[in-house]
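With these hints in hand, go ahead and build the complete structure from the sequences.
If you read the protein sequences in the order shown, they are chains E and Y.
Per our numbering, residue 2 is the first one in the first sequence, and the count goes up by one each step.
Per our numbering, residue 12 is the first one in the second sequence, and the count goes up by one each step.
Fair warning: there could be bad hints in the mix.
In the BS3-like style, the derived pairs of lysine-lysine whose C-alpha atoms are separated by at most 27 angstroms in a straight line are [stated by the list, open to error]:
1) E:Lys93 x Y:Lys73
2) E:Lys70 x E:Lys93
3) E:Lys93 x Y:Lys63
4) Y:Lys158 x Y:Lys69
5) Y:Lys69 x E:Lys93
Just so you know, the hints here were simulated from the structure itself, not pulled from any lab data.
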Amino acid sequence: MKRLMALFLFLGCVRSPSDSLLYILLLQIRSGKITLNGQDIKGAYKTALVEVYPLTQEGDCDLGNLLAKDYTDKYGKYSISYPPTGSLVCVKVKP
Amino acid sequence: MTKKLKLTAVSSGSNLVLDMVVPEFSFAGRKNPIATSPITRIISSRFASLAKGNTDPKALSKLYLRANKEMVIRFGLNKKVKISKNLSGDEVPTLEEIPINWNDPKDLYSVSYLSVLAGFSQLASSHKQGSTVSVGDVNSIIEVFAKDASDGVF
Numbered sequence: 002m003k004r005l006m007a008l009f010l011f012l013g014c015v016r017s018p019s020d021s022l023l024y025i026l027l028l029q030i031r032s033g034k035i036t037l038n039g040q041d042i043k044g045a046y047k048t049a050l051v052e053v054y055p056l057t058q059e060g061d062c063d064l065g066n067l068l069a070k071d072y073t074d075k076y077g078k079y080s081i082s083y084p085p086t087g088s089l090v091c092v093k094v095k096p
Numbered sequence: 012m013t014k015k016l017k018l019t020a021v022s023s024g025s026n027l028v029l030d031m032v033v034p035e036f037s038f039a040g041r042k043n044p045i046a047t048s049p050i051t052r053i054i055s056s057r058f059a060s061l062a063k064g065n066t067d068p069k070a071l072s073k074l075y076l077r078a079n080k081e082m083v084i085r086f087g088l089n090k091k092v093k094i095s096k097n098l099s100g101d102e103v104p105t106l107e108e109i110p111i112n113w114n115d116p117k118d119l120y121s122v123s124y125l126s127v128l129a130g131f132s133q134l135a136s137s138h139k140q141g142s143t144v145s146v147g148d149v150n151s152i153i154e155v156f157a158k159d160a161s162d163g164v165f
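In structure tokens form, the structure reads like this:
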């Protein structure tokens, strides 16, 4: 079964957040592209669904108007492009 | 004391959804990645509460900034800001503006950020429904914080 790794650190105590298994879901957005980086160690996020939506006037994700979607790769990365809205956007990451 | 990190895996059948509201201009040309995390989910919840009933699309950016900076303060994500009664919003960076170096384990910003996430996970462990902490447990904790933060009162 494929497993999606999220960024939850379950720990007794922390010495250094990066000294052991650590998964961070990162969105790197450049020039109209959104890039999801799984930063970690072993495997990162796999096949997580990433969706980008515009916002409604009341600040909700306009779920009926999907701008773009993509999946993370085996390294937890993806690149997704959508027409710029010039405003705020809503990004959802789902298993 | 033993220091240990463990990871909770999210199965494809889980209900864990992370979201983030972000202004496009904030990521144009930036080098540092923006993390999508429980913190951004909480910010989104606060933002949605502030924006409820809004009729001016131009006001969304200001509301977003408010929600974002509130959470930066609440969670102490910018250690360089000295909290005082006269603290101006201009002195507080947004989450995207904080120069987090994820690759540096000694980076104060990343340590602060990850410590908050660790706290969520610890709470999930303390309040787990089964014998082991699950993604659902973590999701429940995040949801509690998101709902609690929505009114801006802590």
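These are the hints, each one checked on the structure:
1. A distance of roughly 21 angstroms separates the Cα atoms of Lys93 (chain E) and Lys73 (chain Y); the hinted pair therefore holds under the 27 angstroms criterion.
2. For the suggested pair Lys70 (chain E) and Lys93 (chain E), the alpha carbons sit about 9 angstroms apart, so the restraint of at most 27 angstroms is met.
3. Under the criterion of a C-alpha separation no larger than 27 angstroms, the hint pairing Lys93 (chain E) with Lys63 (chain Y) is consistent with the structure, at around 20 angstroms.
4. Straight-line distance between C-alpha atoms of Lys158 (chain Y) and Lys69 (chain Y) comes to about 25 angstroms, which keeps the hinted pair within the 27 angstroms bound.
5. Only pairs whose Cα atoms come within 27 angstroms are accepted, and Lys69 (chain Y) paired with Lys93 (chain E) is accepted, the gap being roughly 23 angstroms.
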